[in-house]
Amino acid sequence: MSEQIIKASTSSEAVSAGALAGTRQHAREDVHVTTMRRRVVSGFGLALVYLFLIAMVIFSLFPIYYVVQASLAGGQNLYTTDLHILPAQPTFDNYIYAFTQLPILAWIGNTFLICTATTAIGLIFSLTGAYALSRFRFQGREMGLGLLLAVQAFPALLALPAYYLLLNALGLINNLIGLILIYTAGTLVFGCWNLKGYYDTLPVELEQAAMLDGASITQAFIRVTLPLVTPAIAASAIFMFLAGWNEYALANLVLNSNATGSNLTFVLGLFGLQGDFRTPWGYFAACSVIISVPLILLFLYIQRFFQSGLTIGGVKG
Amino acid sequence: MLKAKRATIFLYLLPLIATITLINLWPILYTFYLSLTNYTLFNSDNYKLIGLGNYQKLIFTANSDLFFVIGQTLLYVAICVALFLIVGMASALALNNPKIKGLAIWRVALLVPYAVPSAISALVWKFLFNDDFGPINQITRLFFGPNAGVPWLSAPWGTFTAVVIVNVWLTYPFFMVVILGALQSVPQELNEAARVDGANGLQRLVRVTFPLLWPAITPVIILSAITTFQMFNTVYLINKGGPYTSADKPGFTNFVMIYEYNNILGANVANPHYAFIAAFAIVLFIILGSLTFLSQALARPRSREGMA
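Protein chains in written order, with our numbering: chain A, 906 to 1222; chain B, 19 to 326.
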């Protein structure tokens, strides 16, 4: 790199020497022409950049705009083959129907419950496990780490019959706990690796000092290291929460809809709304907006915290 | 390292070991066991071990589903990842242009797809692609007459294109943010030096900027290739892996996970052949496992190179 810079600076000296050699008048005309040309070219380039950005914004926002306007179109207005940019008679009927006739609040509640429980259990199990893997030396430690990596390569979806058998034996079919168990197991490996990596960066002398002062290992674990790993806990928690957020296949395996569908997650509920022949698009659109809007607002609020990195965002499925 | 009693160590590891053994390891071993039997829904009481017969049928049968499904999946991965990279790179370069006004607004507008739960996005796009009532065909008809329009969700390549577009919509913001972050860490002096040397904008981009971006982009490419290979949700929610062109062939967008799911819980399968599908699962596991270890090995020296 430094070589390149040196080379560049020497050649720029050569250029300036050349410019000095020419007559002053000539040089000024030259500069005038090139800046003019550069301004026209860069103005054209800038217009292209703006054009591209506008196209990308339309691509990004059109689905959202469309579903919002569809949620406001009443009755049969959506079953038309002509394009409507705005609904003819906007109405909140679809929203009223969603809140009064569809178990949308139960869907959201179930999903939140599952994701929160997955996060809580996943964090506790992976914090203790990661701590042991980072701080203690024991037989089979290396093998265990390799095994974790191998296990992670096996998506739960590949073992649907095994999971059905397992949950059936435990009496957890059609039970949110069954789903929480599967999701937790799916997030443990990531949580463990992530937290172990972070523990490895903390000097073990911190705990050794605490233990010299009379702390037990558990006290050192909870009172010394736990406050220090909060950034890694936050990243793992987001990953764990989102693991079951959008999931369809396992949820569909475990949960059977009851008469009203109030025991489902929102993905199952929304998918169920889309019948194969005649979908109530208006209700579907209203439900989508109800679920997404709080999340979009939350995202807009927190997005400034991951301005450039967004490594925690890499976990979205 | 901390010294601890064996009992203490065991206690710390117990929740992890118990969960992993019961809910991760046992299903894998059970699936492997299933793959060596002739278990189907109808003979679940009197099935027996048959050795490697399922694997033989899976791999050596002419026109086996395995190669069609993996081929479709790899094609999907290649097209998607290339587009993530192109669209993400172009957006990042546009946002990185110092002359752009209102940067914060553009940035947020381009990030919004990332904020919507992906399952909802998939279902919304399914609505947009609806042959009759979807706005995409409505717009096409507006410009090209009442008989125009693409049968998005009933034509094989229509569906394939649709699930590519949706996946790009879902994922390009992530690539954009990563590339933007990497772009901002490229030292300005290098570009200046190249400009003085007489390199034009394109040359500076290809010769100076791109080589400096690769260390940041490579892990993201590997990660997204593996996730796209295993993609289930988005594609399934849009068309359940269809359309099906003949009864005994997998649907055109039956990517590996969807093929697996459809053969166990799909509406068209009268007698699920659990053992045969278990063999398919184990073959996939071997592929995914090798990819994981390979990417681990690849990622390490790359990151060191990036720091030098």
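Read the hints as simulated data drawn from the structure, not as lab findings. For every residue, glycine included, the Cβ atom is placed at its ideal position computed from N, Cα and C. Please note that the accuracy of each hint is not assured.
Each pair of labels, with its calculated beta carbon distance range [what the hints assert, rightly or not]: (1) A:Leu-1203 <-> B:Asp-150: 29 to 37 Å; (2) A:Leu-1203 <-> B:Gly-89: 28 to 36 Å; (3) B:Ser-264 <-> A:Ile-1082: 39 to 47 Å.
Some chain B residues close to chain A (C-beta under 7 Å, calculated; not the full set) [said to hold, decoys possible]: (4) Ile-41; (5) Asn-42; (6) Ala-80; (7) Ala-96; (8) Ala-100.
SDA-like mimics (lysine to any residue), calculated; alpha carbons at most 20 Å apart, straight line [claimed, not checked]: (9) B:Lys-21 <-> A:Gly-948; (10) B:Lys-23 <-> A:Thr-1123; (11) B:Lys-21 <-> A:Leu-953; (12) B:Lys-21 <-> A:Gln-1124; (13) B:Lys-117 <-> A:Val-962; (14) B:Lys-117 <-> A:Ile-959; (15) B:Lys-21 <-> A:Leu-951; (16) B:Lys-21 <-> A:Arg-1042; (17) B:Lys-119 <-> A:Leu-953; (18) B:Lys-119 <-> A:Ser-1121; (19) B:Lys-119 <-> B:Leu-103; (20) B:Lys-117 <-> A:Ile-1127; (21) B:Lys-21 <-> A:Val-962; (22) B:Lys-119 <-> A:Phe-957; (23) B:Lys-117 <-> A:Gly-948; (24) B:Lys-23 <-> A:Asn-1099; (25) B:Lys-21 <-> A:Ala-960; (26) B:Lys-23 <-> A:Leu-958; (27) B:Lys-21 <-> A:Ser-1121; (28) B:Lys-21 <-> A:Phe-949; (29) B:Lys-21 <-> A:Val-1109; (30) B:Lys-23 <-> A:Leu-951; (31) B:Lys-21 <-> A:Ile-1201; (32) B:Lys-21 <-> A:Ile-959; (33) B:Lys-119 <-> A:Leu-958; (34) B:Lys-119 <-> A:Arg-1042; (35) B:Lys-21 <-> A:Ala-1120; (36) B:Lys-117 <-> A:Asp-1118; (37) B:Lys-23 <-> A:Phe-1043; (38) B:Lys-117 <-> A:Gly-1102; (39) B:Lys-117 <-> A:Phe-957; (40) B:Lys-23 <-> A:Ser-1121.
Taking the numbered hints from earlier one at a time, note which ones the structure violates and give those numbers from smallest to largest.
-> Failing hints, ascending: 2, 6, 7, 8, 9, 11, 15, 18, 19, 20, 21, 24, 25, 26, 28, 30, 31, 32, 34, 36 and 38.
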